[in-house]
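Q: So the protein lines, in turn, are chains A and B. In this text, residue positions in the first sequence follow the working numbering: the first is 1, and each later residue adds one. In this text, residue positions in the second sequence follow the working numbering: the first is 1, and each later residue adds one.
Hints were generated in silico from the structure; no laboratory data involved. Treat the hints with caution; some may be incorrect.
[Stated by the list, open to error] Below, computed lysine-lysine pairings styled on PhoX-like, alpha-carbon distance capped at 20 Å: (1) Lys229/A to Lys210/A; (2) Lys151/B to Lys111/A; (3) Lys124/A to Lys151/B.
These figures come from a predicted structure and were not determined experimentally.
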Amino acid sequence: MIALKNISKTFNAGKPNEVKALGKLSLEIHEGEFVVIVGSNGSGKTTLLNLVAGTILPDTGTISIAGNNATKLTDYQRSKWIARIFQNPLSGTAADLSILDNFRLAALRTKSKGLTIGKNENFKALVREKIAALGMGLEDKTEQPIGTLSGGQRQALTLLMSVMDECKILLLDEPTAALDPRSAENVICTADALIKQYSLTAILVTHNLKDAANYGTRIIQMGEGEILKDIAAKEKAKLKQAELFEWFG
Amino acid sequence: MGLYLSALLQGLCFAGIAFGIYISMKIFNIPDITTDGSYTLGGVVTGIMLTHNQPGWFILLAVIGAGAVAGALTGIIHTKLKINALLAGILVMTALYSVNLTILGRSNLPLLSLPTLFSVLNVLTDPNQNSLIILSLFVAALTLLIGYLLKTDFGIAMRATGNSEQMVRALGVNTDRMKIIGLAIANALTALSGYLITQFQGFADISMGIGVVIIGLGSVIIAETLISWMQITSVWWSLVLVLAGAVIFQLVLAFTLDIGVNPNLLKMVTAMFVLIIVGLPRLTSRQA
Chain A
1 MIALKNISKT FNAGKPNEVK ALGKLSLEIH EGEFVVIVGS NGSGKTTLLN LVAGTILPDT
61 GTISIAGNNA TKLTDYQRSK WIARIFQNPL SGTAADLSIL DNFRLAALRT KSKGLTIGKN
121 ENFKALVREK IAALGMGLED KTEQPIGTLS GGQRQALTLL MSVMDECKIL LLDEPTAALD
181 PRSAENVICT ADALIKQYSL TAILVTHNLK DAANYGTRII QMGEGEILKD IAAKEKAKLK
241 QAELFEWFG
Chain B
1 MGLYLSALLQ GLCFAGIAFG IYISMKIFNI PDITTDGSYT LGGVVTGIML THNQPGWFIL
61 LAVIGAGAVA GALTGIIHTK LKINALLAGI LVMTALYSVN LTILGRSNLP LLSLPTLFSV
121 LNVLTDPNQN SLIILSLFVA ALTLLIGYLL KTDFGIAMRA TGNSEQMVRA LGVNTDRMKI
181 IGLAIANALT ALSGYLITQF QGFADISMGI GVVIIGLGSV IIAETLISWM QITSVWWSLV
241 LVLAGAVIFQ LVLAFTLDIG VNPNLLKMVT AMFVLIIVGL PRLTSRQA
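Produce the complete structure using the sequences and hints provided.
A: Dropping the structure here:
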């Protein structure tokens, strides 16, 4: 589903503040895999995720997504395959727009945004039904600006928005880092449920080792822009949280 | 009464600038001051085409097109060359002065005996009341058009762009392109104000646009104060209030002239008035 070959990325090349973020990294992620990426700050996790998303482009190497060469495609061109959840709950939604408007836009992720009014009664009913399934009591507030909701609520809605349109790959960049423990638990559970329900290929970057141990089918540890450990399904199931802590010892 | 009626008429003429600034400043969050140039551009294109006896619909299209090109240029400079939006606007505005002067060929062009938009329809004998009807129809059509645009899927993407660029890009929108289109629309609307004012006052002037951006800003700020005060989220009501803001602004200026303030001080009064509207909510909320 996602194949990175010999990817390297250096920021501020040739300047005193040069940072070598990734060096000759290769990684293949298969369809339906839920990959968890852990690693200390500056290990290249977020750079890796951004390279897959297309917000930054690699210096060398190739990226292929769903069988297409995506090396030179930017983020909005890759949105036909990829939905993203950001660390900051404010980034994933447009605060001044109503919940409905946000969902309308998300429902058009892979399509063009035309000059017709697509927010009809059918669509409103569909959104209410989907939101009701979250069990957060937000289905009656769909006309409210989404900025009036809490970070946890917004993050949960962003997750739901990602499956409003055809979605193959879900990228989660520390989605729970800015949330309180209960909201965080709720968001990660929702994410896991959606990934299973829609058989998504997912990449989760996290600092939460409990989540890293409990969720996902494959775990990767990064350090200094390289892959240090790569543990797949069977082995990962045996992995204990305590062992994960030792990785960072 | 005549003073206030003509203030109302001017306010309606300035609806285009108000909508334009609303789109660039509130929807896209871009401080665009191409306004002074694109407003005059609308005026001089109207003037020169009227004196060359061009058909009305053609003049209207040409004005919209000219304003859109000016806005798109600012947008391209801002997004593609990554130049600060204010500077991009100033550059285009400065260049437009020469363009306008070249189009007009002189600094002032009177249009007094020519047929204009205001002589298309004659329902009332009083020329000002007649103009009011024509202007109301024109502005109503404009409001409906923008309101519809903002309600479409494209409009939702436009409104989201100023809110969270990251999200909008992740949802498959080319935000650079969106901003260029947005600034084009904003300046096309501004040029429409130049189109209306030129025909309303009967001349095009090279300096008609100096400081006109404050009218748009003032109108939008009045509207914003009302919007947050009445807690309005509807797109339609927001547009109606922006329109109301443009009219209120002109009425306040007419009032200051009416009570005998020296017209030389009018720009000072304008600046003070905008300062008061911006400052008042902050001062009162600090006490609360």
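Q: For every hint, state whether the structure bears it out.
A: Status of each hint after checking the structure:
Straight-line distance between C-alpha atoms of Lys229/A and Lys210/A comes to about 17 Å, which keeps the hinted pair within the 20 Å bound. A distance of roughly 17 Å separates the Cα atoms of Lys151/B and Lys111/A; the hinted pair therefore holds under the 20 Å criterion. With a C-alpha separation of about 14 Å, the suggested pair Lys124/A and Lys151/B falls inside the 20 Å cut-off, and the hint holds.
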